[in-house]
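K.L.:
Sequence lines, in order, name chains A and B. Okay, so the first sequence: first residue is 1 according to the working numbering, each after it adds one. Okay, so the second sequence: first residue is 1001 according to the working numbering, each after it adds one.
Certain hints may be false.
[What the hints assert, rightly or not] No farther apart than 27 Å at their CA atoms in a straight line, the calculated lysine-lysine pairs in the BS3-like style are these:
#1 LYS326(A) / LYS43(A)
#2 LYS1158(B) / LYS1200(B)
#3 LYS347(A) / LYS1119(B)
#4 LYS1065(B) / LYS347(A)
#5 LYS312(A) / LYS347(A)
#6 LYS247(A) / LYS43(A)
Simulated from the structure, these hints should not be mistaken for laboratory data. Fair warning: this is a prediction, and the values are worked out from it, not measured in the lab.
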Amino acid sequence: MNNSQDIHGVLSTSRYLPRLRLERSAIFAEHRWMAQGLKSVAKGRRTIANWDEDSVTMAVEAARALLADLPDIKPVELTLASTTLPFVERINAGIVASALGLGNELAVRDVASSARAAFTEFVSALRHAVPGHRVVLAAERRVARPASTQEMIFGDGAAGVLIGSGPAIATFVASHSVQADFVDHFRESGSNYDYGWEERWVRDEGYMKIATGAIASCLAAAGIAASDIAHFAMPAPLSRVNDAVAKRAGIRPETVVPTDFESIGDLGGAQPLAMLDSALRAAAPGALILVVAFGSGCDALLLRRTEQPIAKRVTDDGKSEASYMKYLSFTGQVTLEWGMRSEIDNKTALTAAWRECTKISHFEGGCCSSCGTVQFPRSRLCVNPECRAQDTQEAKSLANLPARVLSHTSDWLAYSPCPPFQFGHIDFEGGGRVLMEFADTDPDELQVGLPLRMVFRIKDFDSKRGFRRYFWKATPARGQ
Amino acid sequence: MARGIRDKVAILGMGCSRFGERWDCGPEDLMIEAFNEAIADAGIAASQIEAAWFGVCLEENNVGKTAVPLAQALRLPRIAATRVENACATGTEALRGAAYAVASGAYDIVLALGVEKLKDTGYGGLPVRTRGVNNDLWLPNATAPGAFAQLASAYAAKHHVDMADLKRAMAHVSVKSHANGALNPKAHLRNRITEEDVLKAMMIAEPLGLYDCCGVSDGAACAIVTTPEIARRLRPDIETVTIKALEVSVSNGEEAGFSNWDGAHIATARTAAARAYASARVDNPRTQIQMAEVHDCFSITEAVLMEDLGFSESGRVIYDVLDGVFDRDGALPVQPDGGLKCFGHPIGASGLRMIYEIYQQIHGRAGERQLPRVDLGLTQNLGGHPHQNVCAISIVGRLGA
């Protein structure tokens, strides 16, 4: 292993965007009667999580992308940052680690409370070169009050970064952190919506002073001139605030990394890591990258891109969604009449859930060591009638195996938060057959033989008890 | 050496309630309606019944657990009574328990009764319910039409047939059953429909539209069985009808979890049919059987079953259906009573209702839908979904046939 293969730094970055893109014109069409002012932001589209996605499931997808090319790495820590974690008590990062099949020998933690929470964790992990690999994930599914500006500018999504020693794609140069109880917006525990102060004040007193100050201190610590920055990545939840900060800090305007506002929206806590991902993929070897995260203070981080190649991002324009009512229903902001079939009690037996933990979280089936048959669920006796061997099945996860449709339907009778309910028998490459739900599938898309990949999703909500259960679903393998 | 059930058990009497949305009737009323007909037909007193088997599937929706509801409704004199449940094959299971008890020599005269009161849910279709705490963690919340619709997609792909052609054959299956149901005064659905009605109907689970799905009904059916000797002694005036075969095959998870099933047929139906034909000494079902009542919960189910039961060659059912082979005036009438599709599907009663129709046809009591001559009839009763199910098959006929 040469030296470039064993550097402490950023080993990979990732971004996950839900497939659905809500047209902002569709949002505006419903509000124009009372909120003409939204017209100025009613451009393009924003990502929205499907009904079965939340910050946990999106974080899982970001982590899978993060670790896809580094399958042998076993992280010692996994941190999930979000202001929209589904569980207040129950470690959400633990759900993610279990879904990823990272085993039990790692530390998991949730961090929250600010749009820079993930970034603070990232900076901390990067600047202290301690042994082991660390995963920092950020995911947001923020819900904004209908007709608010936030409803337009927010996007749902996740991002991740892997830190440790190995074939680093970027290394630490300098950082600077500032604490400030500067309340530009807040959300009380248990409430759904943010309350925010006037944008002009947030820009002038917040970004232009606190952020520019952090940037100046960071550059001074590194002994780097602002003009040497090749990529400046800073989220801009206020229009063009990143351009204004760059100008004030003396950073060249052409280095400002696009926020993808028109196609995605602002991913909240995931946005700094998502923009880091964009910046690194665009950066030339040796380029200096400045990433800034603002929120109750500010973190500024200066990185240098190494010569390690990074795979190009697979571009996916997602699927246009023009139904604002569907979005309101997905986010629980309107209660529609779903009929009596939706009254089914989805109580989860937590004893059974623990007993079946790896089966459900990491889609773990069995592979018979006697005949090689892959089967799900794993069972005491092999399903192969020619074999029938007892207690020969070794754990085998189906989560990352390709599969194909054997049979399918789009069921309009069954209850689903997004009808029709689509499911079918699928066959995995190398064996294994499971009756599964399909996710993110268009009604006319299903056909026998269609290639599939697996995604971790919400299976059912238990609204009576405030619980949700997760399982894997099959989705068409598009553009792969 | 086991010799099977052929001609060891005779049907002494049968009864079947009217099926349908029996808003004004509870399970007790339905049981009494079926039982009164059967006991009169058998010509015995209720006190001569020595044991009973009681079939109810969704007991949480109607009578509750145990066989007590039967014993109570009929005021049975504290005889042995057993509740059986094997999903939609429950009715045939009740008869199987009763028939095997007679065949064993333990009893002379026993009762099998199935009942289901489904229309107390407040919505159409079968009730939604848990599949058990472990299964609920991962299995899709499949509806019955969704599960059976899988057959259509896999069948079309396997046999390289156009879905439009398959849908036409499925439509013919339903049109035929409605035509038969129209002639049956006890049937739930008695309207005639056209192929166009079927193809234009509301989609339920693609490609199954409304008319591809059977009715969900209230109803009860029962049989009183005894030995052929006792039957001849008690009813020397009429022909003795005996059981030739009564077989059950149960999925072991292979279809759902192993790769040797094509998704386009009912594996248990093939297994149960092979055993039933051996028991009944049938080597060519298409010519030796004069009528069949199969589990047409959905049009596609009936279609693929024609192949599984050996009535059609593999991949040929579309042609046979469209040629009218299974119409009431065809070579092998299927569902002359309207089937689940139109007679209706009160789950626990359905298996017994199928046998009731053969029994009526043999005795020449089928009214407007009477077939020329039935010596042997087959019923196929399916509980569960195509990939995981209980398949019960009976063959019933004239003594000696």
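K.L.:
Now look at each hint and say whether the structure bears it out.
P.N.:
Tested hints:
For the proposed pair LYS326(A) and LYS43(A), the alpha carbon gap of about 19 Å is at most 27 Å, so the pair holds. Distance check on the hinted pair: LYS1158(B) and LYS1200(B) sit about 26 Å apart at the alpha-carbon level, within 27 Å; holds. At roughly 25 Å between alpha-carbon atoms, LYS347(A) and LYS1119(B) fall within 27 Å of each other, so this suggested pair holds. With a C-alpha separation of about 22 Å, the suggested pairing of LYS1065(B) with LYS347(A) holds against the 27 Å cut-off.
For the given pair, LYS312(A) sits about 43 Å from LYS347(A) by alpha-carbon distance, which is inconsistent with the 27 Å threshold. Proposed proximity of LYS247(A) and LYS43(A) is supported: the alpha carbons are some 25 Å apart, at most 27 Å.
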